[in-house]
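There are 2 protein chains.
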Amino acid sequence: MFEFRVQQAEGTARAGTLTLPHGEVRTPAFMPVGTHAVVRGLSANDVRLTGAQIILGNTYHLHLRPGESVVEEMGGLHRFTTWTGPMLTDSGGFQVFSLQGLRSIAEHGVEFQSHIDGTTRTLTPERAVEIQWRLGADIAMAFDHVVPGQSSPEAACEGMERTLRWLDRCKARHGELMAGAEQRNDGKAVAELPYRRTAVPPIQTLWPIIQGGIHDELRQRSLEGTLERGPWTGIAIGGLSVGEPKPVMHRILERLGPNLPVEIPRYLMGVGFPADLLEGIARGIDLFDCVAATRNGRHGTAWLPTGRINVRGAALKGSTEPLDPTCDCETCTTYPRGYLRHLFVVEDMLGLRLISIHNIRFLVRLGEQARTHILNGTFEGWSREWLGRHYARGD
Amino acid sequence: MFEFRVQQAEGTARAGTLTLPHGEVRTPAFMPVGTHAVVRGLSANDVRLTGAQIILGNTYHLHLRPGESVVEEMGGLHRFTTWTGPMLTDSGGFQVFSLQGLRSIAEHGVEFQSHIDGTTRTLTPERAVEIQWRLGADIAMAFDHVVPGQSSPEAACEGMERTLRWLDRCKARHGELMAGAEQRNDGKAVAELPYRRTAVPPIQTLWPIIQGGIHDELRQRSLEGTLERGPWTGIAIGGLSVGEPKPVMHRILERLGPNLPVEIPRYLMGVGFPADLLEGIARGIDLFDCVAATRNGRHGTAWLPTGRINVRGAALKGSTEPLDPTCDCETCTTYPRGYLRHLFVVEDMLGLRLISIHNIRFLVRLGEQARTHILNGTFEGWSREWLGRHYARGD
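Residue numbers (this note's numbering), protein chains in the order written: chain D, 1 to 395; chain A, 1 to 395.
The hints are simulated quantities; they were obtained by calculation from the structure and are not laboratory data.
Note that the structure is a prediction, hence the values are computed from the model and not measured.
Any given hint could be a false lead.
Simulated DEER-style distance windows between Cβ atoms [stated by the list, open to error]:
1) Ala181/A <-> Thr378/D: 48 to 56 Å
2) Pro325/D <-> Gly180/A: 29 to 37 Å
3) His299/A <-> Gly67/D: 45 to 53 Å
4) Leu387/A <-> Ala179/D: 53 to 61 Å
5) Thr326/A <-> Tyr391/D: 52 to 60 Å
6) Ile105/D <-> Ala275/A: 57 to 65 Å
7) Glu347/D <-> Gly175/A: 33 to 41 Å
8) Ile203/D <-> Ala275/A: 19 to 27 Å
9) Glu347/D <-> Ala181/A: 44 to 52 Å
Ideal Cβ positions, reconstructed from N, Cα and C, are used throughout, including at glycine.
Let the sequences and hints guide you as you build the complete structure.
Structure below.
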């Protein structure tokens, strides 16, 4: 369990397989985000059909609604959502630190006001781990102190060092829960939907998050401190794609790369526009997540190999062509462009769903294609060409 | 084509089979409404999985957006929507007569202002038939003069007589179009989605609509005048379920019944709450349509054999039970109640879709059950018991 095997590397790019309690994840891979235990507007089956292997849930949102105790009583996130494959939950750190003016930070943890009902709540490293334990995803994330995009070295250092201290506390609490894992469901009547049984994961793993803002030296210290506290079954890089220029993100990944352990998967948090995937994969990243696929889908922006298009555009009126003739998703193999446009014009929610499905499939497929090219040793040329066309368009 | 066969009758209730260019419809049957060429929020496959055999499109809405010429150029409603089964379009009469203050009625037709862009447009019997011809459904409806719910005998008489005069014009124009049907797609480049070919219906049938408000004598005259103008492959009863008490609707159906031709299907327009189906079937109705299934679904009201429930209700919180343990729809065989409630609480559109799917399946299944009971000669006892429980609950 939680085994990762690098099958092939080409330069710093890797193709691997991650084994989790609920299944395997062939990497590199994009993970769709199910903020409220649902990938916006999509059924678990819609997501399955995109080829996505693992999805995310947001601890902050699920703590507020429906609450981790409700999810736990119902048998955990897998039974709650009917998604039977691997899942990962974030720690809530990113969300609570984004609540500017509604939260106060102390060494103990973060006190914040719920954006739903205004109630005051506290998230600590221990609490974040406990909530995720009760949600029951395959992978839980450590509670980190996230600083704004281009923070000063001082602010970034404070967040990075606190993240390390909090990592100790997350690890300790997670270890206690793991030690008691055998008793987890003992004596508890978890009602069963007889037609939809899914295994309750016997164990959950905890992944640490590297912080340090845009400062290479802080990033290195964060990595070193994190590895000292290991071993880990995976490692995440947080606090990127939060406003810094893309070349800065690429530089940080390049400087960190040689010092990252090769034998565990690397997850670049919150990053996942199409070009970001290929740039990240080239720099050794294995896992990505981002809400852009579904957010763009809801706004009618579809990603195509030839660049983005607005599905509302007059050019699509009456078109019997598929949205992307090279795509194998449900949307592209079923519906004509003219109908997709019509759905947005009449504001039917089916349109939002169909474009979200396409965009997720687009990123999942990009991961699959990258993987195939890495296995064949053709990744560098292929991705250079892909990115060349992309940047030439100014996307 | 357009053949109807009554397989079994029990009292005035009938089980039949209607053969249409795009397939068979086993009656009695509920037809989901796809106002804008989409059953709100559902893919063609979602609708297929409910067991629905035929769906509706609204001529008024499709004329405004995307316009019948766009649909025609794309190969007709079937190719536009990817729904491959039978379809029916209404004539737009009900919608334009509902545009109080935005329309003026004359013998020639109805001048109205588009609710989308305010443009002035005219719908005449000929125009309504032409638009539907270009949309290309299996069944087109005659353009009728619909009067408000409880109109005076004078107003109802005027509407009924005009509907008959307009029926002459509809039939004449439809006959011309039919005569030229062989040339229909000649020389026209209908682009094909190579992976989704559907047959273009060679012919379309036209069904008349009986009007006359809540006045039995006017209804009889409407029926007689309609039959004189026949023969028809089906007949509709319009202007009911528009505010009159239910017993009045039932009385009208009972008085009309003995004089309706037995050999063609009878379609009760705009009627389709669960009890209405059984009451209508008992009185010889074969086809129903109504937006209540999807409208209620969007508002979180689900129909169950034990009565309606609000899916947002606190009682569903944390429940691992299926929504309706007796139902075989995707929603009930997949999701726990607690998750459905959560989707409404966090306002994810998946919730709307899942309850719409259940409600449609509920009505489709009620039709299937009624049919089975008619074939077995057990309809009367079964429906009496079903309605008894229903009325006892005060639903």
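For each hint, the structure was consulted:
1. In this structure the supplied range 48 to 56 Å holds for Ala181/A paired with Thr378/D, their Cβ-Cβ distance being about 55 Å.
2. Look at Pro325/D against Gly180/A: about 35 Å separates their beta carbons, and that is inside 29 to 37 Å.
3. Evaluation of the 45 to 53 Å hint for His299/A and Gly67/D yields a failure: the beta carbon distance comes to about 25 Å.
4. Between Leu387/A and Ala179/D the CB atoms are about 60 Å apart, so this pair conforms to the stated range of 53 to 61 Å.
5. Take Thr326/A and Tyr391/D: their Cβ atoms lie about 57 Å apart, and the range 52 to 60 Å holds.
6. Range check, Ile105/D to Ala275/A: Cβ separation about 59 Å, and the 57 to 65 Å hint holds.
7. Judged by the Cβ atoms, the range 33 to 41 Å given for Glu347/D and Gly175/A holds: they are separated by roughly 38 Å.
8. Between Ile203/D and Ala275/A, the C-beta spacing of about 52 Å breaks the proposed range 19 to 27 Å.
9. Between Glu347/D and Ala181/A the Cβ separation comes to about 35 Å, which falls outside the hinted range of 44 to 52 Å.
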